[in-house]
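Each chain, letter by letter, is given below.
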Amino acid sequence: MKYLLTLILFCFCTVSGQAQEAEGESVRVESVQADFTQEKQLPILARPIISTGHFVFQAPDSLRWEYFSPIHTVLLMHDGDTRKFIQHDGQFTEEQGMGVDSMQIVLEEITSWLDGQITDTPTFQVQSHENDLIVLTPRNEALAKIIARIELKLLGSSGLMESVTLFEGPGSFTRMVFSEGALNEQIPATVFTRP
Amino acid sequence: MKTLSLWLMLFVLSSCSMMQDLTPPEFSEERVDQLETGRCQQTFVTGKWQFVHSISFEMANGHGATVIGVTVLDGETLKTGLMGVEGFVLFEAELAKENKLDIRRALPPFDNAEFALGLMRDVKTVFLHPPAEAVVTGESVHGGTLCRYVDESGQMYDVLIELNGSRGVNVYDSSRKRTRSIWMDEYHLVAGEMIPEKIQLKAHGIRGYTLDMKLISADKI
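Protein chains in written order, with my numbering: chain C, 1 to 195; chain L, 1 to 221.
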């Protein structure tokens, strides 16, 4: 959970930052949002699991990460508070326990990336390849055991991404294909406070 | 003082719930009706299947979460995976026919052997026919059909088909204390077999928990 969200945001910030640098702009990333379709493949799966969702990020530390299917869930981060909601029988209920606290730590890292540490990080080695492909490899052995590498496919010079593929191990990956991406739009605060 | 009273009340309530009659019903006549065992057998799928469920679990302390569970049956092995709603794999394991467990991935808090064994046992109980022949068939407490199986270790499985169409499995240990209650409901036809939309598993005892499973997809593979 925490790794996936961290990585996706990292990826968006990295790519956005690179696009801006290339164009000589000094504008910071204030917000990013996009729809996504996620394909999950595992060696044990005969057919992949497909999810759809939307995310919104607002600097410095507000996030709405929402899956519409197969399970409607909303993760909200705002003002240092992290909450996760899940829809049961048409009603959102807040989920207590597991994993939510760790998101607070992750947010601190995201903030530092937004402040300009966008290419070379202590966590990942970043390599640019042809065809708008960027490959991130974990520097840390512990992290490398659960994430082999991440491949980012850029969407031209827009500063947005076409897809992110997170390879967890042999035959196991999560691919997110993004659409309707938008940078630096005004986001109402309620987006980050209500499921 | 108010807090203490509340705790005492909770303790009494939980003690009462633990004192529920969780022993198997007794039968005066030990007969096995093949027609009924045939119906009980249909509680479990045959062939190769892939199931994906949302699984909401609740621990005795009220904490819980929702994950996505994958179960793949091929007649020889049982493969299972748990992942967060976001797709990150938390646990992946395979159980071969001779009960050989191969844990391929296990991240905290799912990284202990006791959890893995317990999970595979639950998955087996939900999806696979009890590993024994029926020793008795009869009427369930609620007027439905009951088929009883006892495996080599003395563990007892009561497979239930109730009059409203729901099905269940009650598992008792060798001292005849109920350890698991499973209910399956809202059946629909997939590839010629009846598949439940909802499954609830209750593990009894002090470290009890409840799993509520909702079908996302069922594919004959």
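Don't take each hint at face value.
Said to hold, decoys possible - Quick partial rundown of chain C residues pointing at chain L, CB under 8 angstroms, derived from the structure:
| # | residue |
| --- | --- |
| 1 | LEU45 |
| 2 | SER51 |
| 3 | HIS54 |
| 4 | ARG83 |
| 5 | PHE85 |
| 6 | ILE86 |
| 7 | GLU95 |
| 8 | ILE146 |
| 9 | ARG149 |
| 10 | GLU168 |
| 11 | ALA182 |
| 12 | GLN186 |
None of these hints come from the bench; they were simulated from the model. Glycine included, C-beta positions come from ideal geometry on N, C-alpha and C.
Taking the hints in turn, this is what the structure says about them:
no. : hint   : verdict
1   : LEU45  : holds (6 angstroms)
2   : SER51  : holds (7 angstroms)
3   : HIS54  : violated (13 angstroms)
4   : ARG83  : violated (13 angstroms)
5   : PHE85  : violated (10 angstroms)
6   : ILE86  : holds (5 angstroms)
7   : GLU95  : holds (6 angstroms)
8   : ILE146 : holds (7 angstroms)
9   : ARG149 : violated (15 angstroms)
10  : GLU168 : holds (6 angstroms)
11  : ALA182 : violated (22 angstroms)
12  : GLN186 : violated (27 angstroms)
Comparing the model with each numbered hint stated earlier shows that hints 3, 4, 5, 9, 11 and 12 do not hold.
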